[in-house]
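Colleague: Listed below, chain by chain, are the residues.
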Amino acid sequence: MTDNRFFNRSEFIGILVLAVFLVVILPLTLDVFRLNLVAKYLTYAFVALGLVICWGYGGILSLGQGVFFGLGGYCMAMFLKLEASSVENTKIQSTPGIPDFMDWNQITALPLFWKPFNSLTFTIAAIILVPGIFALIIGTAMFKRRVGGTYFAIITQAVAAILTILIVGQQGYTGGINGMTDLRTLKGWDIRPDHAKVVLYFFEVGCLFACIMIAQFVRHSKLGRILVAMREKEDRVRFSGYSVANFKIFAFCIAAVFAAIGGAMFALNVGFMSPSFVGIVPSIEMVIYTAVGGRLSILGAIYGTLLVNFAKTSLSESFPELWLFGLGGLFIAVVLAFPNGLAGIWGDYVQPRIERLISSRKSKPAGWTDSSVADGAPAE
Amino acid sequence: MFGDYSIGDLGSIFVMQGFAGLILFSVYVLMALGLAIIFGQMGVINMAHGEFMILGAYVTWMTSNLFQSYLPGLFAGYFFLAMILAFVASGALGMLVEWVLIRHLYKRPLDTLLATWGLSLMLQQAYRSVFGAREVGVELPQWMLGSLHVTESIEVPINGVFVMCLTVLITIGVAYVMYLSRWGRQVRAVVQNRIMAGAVGINTEKVDRYTFGLGCGIAGVAGSAFTMIGSTGPTSGQLYIVDTFLVVVFGGAASLLGTIASAFSISQTQSTLEFFMSGSMAKVLTLLAVVGILMLRPQGLFALKVRK
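Here the protein sequences line up with chains A and B, keeping their order. Counting along the first sequence from 1, when you hit position 28 you're at 28 in my numbering, and nothing is skipped either side. Counting along the second sequence from 1, when you hit position 56 you're at 436 in my numbering, and nothing is skipped either side.
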């Protein structure tokens, strides 16, 4: 690839189709309740997007994305919770002006680390920086010592376990197992009514596309190609003079920040945040979304997230017993038969036929498709 | 923190918490032994390991019910039969899983993680459908109830002592199989150099299958022992899986001795801390310490071979 554009023609069409789907078709066809559900699913799409870069391109499987999702979500929720617990709203408490769960746990003053979250600017900075720096620390500690692969996966999983236990255990400071509920306003603007949900949905889709653009840029830049090279033969990249650890740390951090943005969107759109989105099980589910959509495909990850969540909601509503069998089976099937997920099926079977139909006279291939990367073919 | 207790009390506390830690240690060792074989020797991340353990626990529960209804006279000894059945059931399921699933994934260790996670979801749901969502507990035979009075202030439960003795025996058995038997040599040969092992006439596929089966079978025995000290539910296995992986990684993945040492240090730290603070903070501090040490010493306590 010699062009350094954000995307080639087929990717541009793909992004356009996704944009039309999310911005036009879904809002027109779904009622507000369902649209809010889609908004909830899309928050996981941020995580899946990060995993495409980190896992699909960098080959670093993190089983702790729930940690970053949770950190972002809790930062946002802390701001919203503080606004919801103004002195007027919490008159009946023994200490007015602090969040209700603190009052229930006999805490009489706002803890120090809560205080900065009175400011929206600080909160937005924290949503990006707290998970980013946390990922930087973990990544530096692990990758500089050349810990990778399965060891990294297990350690990130342990971090997810630690954070969950910590949040659940420190009920007075975090709201415990119930999390932070009853979030009401953002700078005085009520986030609960239907029109606010629609506005928030569009805001979220906007952020998602910004993240998609960043991901596209990373992928098509030299950085993205080094990541792929590193995944395929780490030692050769190291011998060529690149600092493998720094590239891995970068990929991990960007995945963490994406996940954190998703978490913040979750707190805004769904109106609460709880440790059940932080732990090991949600973290692995987020990996499932990416795997189903296709770990090498930016757009595939988003479709995969939507699809798995739609299936989860509709199946677990009507056949709660079957759902876990379905999810488990889907997972095994994806790993065994379709390692590149939906995007792999699309790229291998559907897209070539469509292209043959549309442009039978053009003989040149469509460029750098996902499947060619998957087969280990050189990118050039 | 220590002010309210006399020296003698503190001594008893440490002994009894230490003993509680030893029971936790037994569970960790039993689970981690199977995992150390599967993960350490074969490099497969088996996220369904907890579910294999729970299968053993359910087999034990069923055996105890059978004995209660049909052979009440022999109830005192049901546990030994249950343990063998648990080993066979989990081992057989393990070999089936290896044949259907794992053998296609040896070159993609991270994918074994995902696939076995899917398997664990399915097994959990299967347990829920078959045995119900409620936790079940087995009836202990008479001789396992009660406790031993070591001194006036120190007493230890008999079922705990029994589980510990069992752990020691199983550990010795596994060490014998892995390091002294002909089959164990074959396993280690395959791990060290698969192609050469195949070239000298070892049936590597068969060794893989039996190794995986052995690891799962030991998990089944762990589940069997687990029923002596706790109740069993469809998701009980998941609670221990991360701890167990940490135990194995902390010990140095390929080393059985390391696994035992790390299980001992983790369980003792946790149960001693548990007395002085809430259970959750004790767990957080223990896990943090383990993760912190792993960041400084990624190869674990006892590293036998160079990681790739």
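For the record, the hints were derived by calculation from the structure and aren't laboratory data. As the structure is a computational prediction, the values presented were derived from the model and not from experiment. Be careful, since some hints might not be right.
Residues from chain A shown here face chain B by an in silico Cβ test under 10 Å; the list is partial [stated by the list, open to error]: (1) Arg34; (2) Leu61; (3) Ile107; (4) Gln157; (5) Val287; (6) Trp323; (7) Leu327; (8) Leu336.
Counterexamples of contact, computed for chain A against chain B with all Cβ distances above 10 Å [said to hold, decoys possible]: (9) Phe7; (10) Ile155; (11) Ile191; (12) Leu315; (13) Gly328.
Ideal Cβ positions, reconstructed from N, Cα and C, are used throughout, including at glycine.
Colleague: For the hint on leucine 327 of chain A, does the least C-beta distance to chain B fall short of 10 Å?
Modeller: 6 Å, holds
Colleague: Verify this label for me: glycine 328 of chain A is non-interface relative to chain B, using a Cβ-Cβ cutoff of 10 Å.
Modeller: 4 Å, violated
Colleague: Checking hints one by one. Is arginine 34 of chain A an interface residue toward chain B, by the C-beta closer than 10 Å rule?
Modeller: 26 Å, violated
Colleague: Please settle this one: phenylalanine 7 of chain A was flagged as non-interface, so is its CB more than 10 Å from every CB on chain B?
Modeller: 28 Å, holds
Colleague: Using Cβ atoms only, decide whether valine 287 of chain A comes closer than 10 Å to chain B, and label the hint accordingly.
Modeller: 7 Å, holds
Colleague: Leucine 315 of chain A clear of chain B by more than 10 Å, beta carbon to beta carbon?
Modeller: Non-interface label stands for leucine 315 of chain A: nearest chain B Cβ at 12 Å, farther than 10 Å.
Colleague: Would the stated hint for leucine 61 of chain A survive a check requiring a Cβ distance to chain B of less than 10 Å?
Modeller: 5 Å, holds
Colleague: So, tryptophan 323 of chain A near chain B? Judge it on the closest CB pair being under 10 Å.
Modeller: 8 Å, holds
Colleague: Does the nearest C-beta of chain B fall within a distance shorter than 10 Å of the C-beta of glutamine 157 of chain A?
Modeller: Result: holds, 6 Å to nearest chain B Cβ.
Colleague: Just to be careful: measuring from the Cβ of leucine 336 of chain A to every Cβ in chain B, is the smallest value less than 10 Å?
Modeller: OK, holds: leucine 336 of chain A within 10 Å of chain B, min 6 Å.
Colleague: Please confirm whether isoleucine 155 of chain A is truly not at the interface, meaning its C-beta sits more than 10 Å away from all C-beta atoms of chain B.
Modeller: Isoleucine 155 of chain A not clear of chain B: closest Cβ-Cβ about 6 Å, inside 10 Å.
Colleague: When the nearest CB of chain B is found for isoleucine 107 of chain A, is that gap smaller than 10 Å?
Modeller: 16 Å, violated
Checked against the numbered hints given earlier, the structure breaks hints 1, 3, 10 and 13 and satisfies all the rest.
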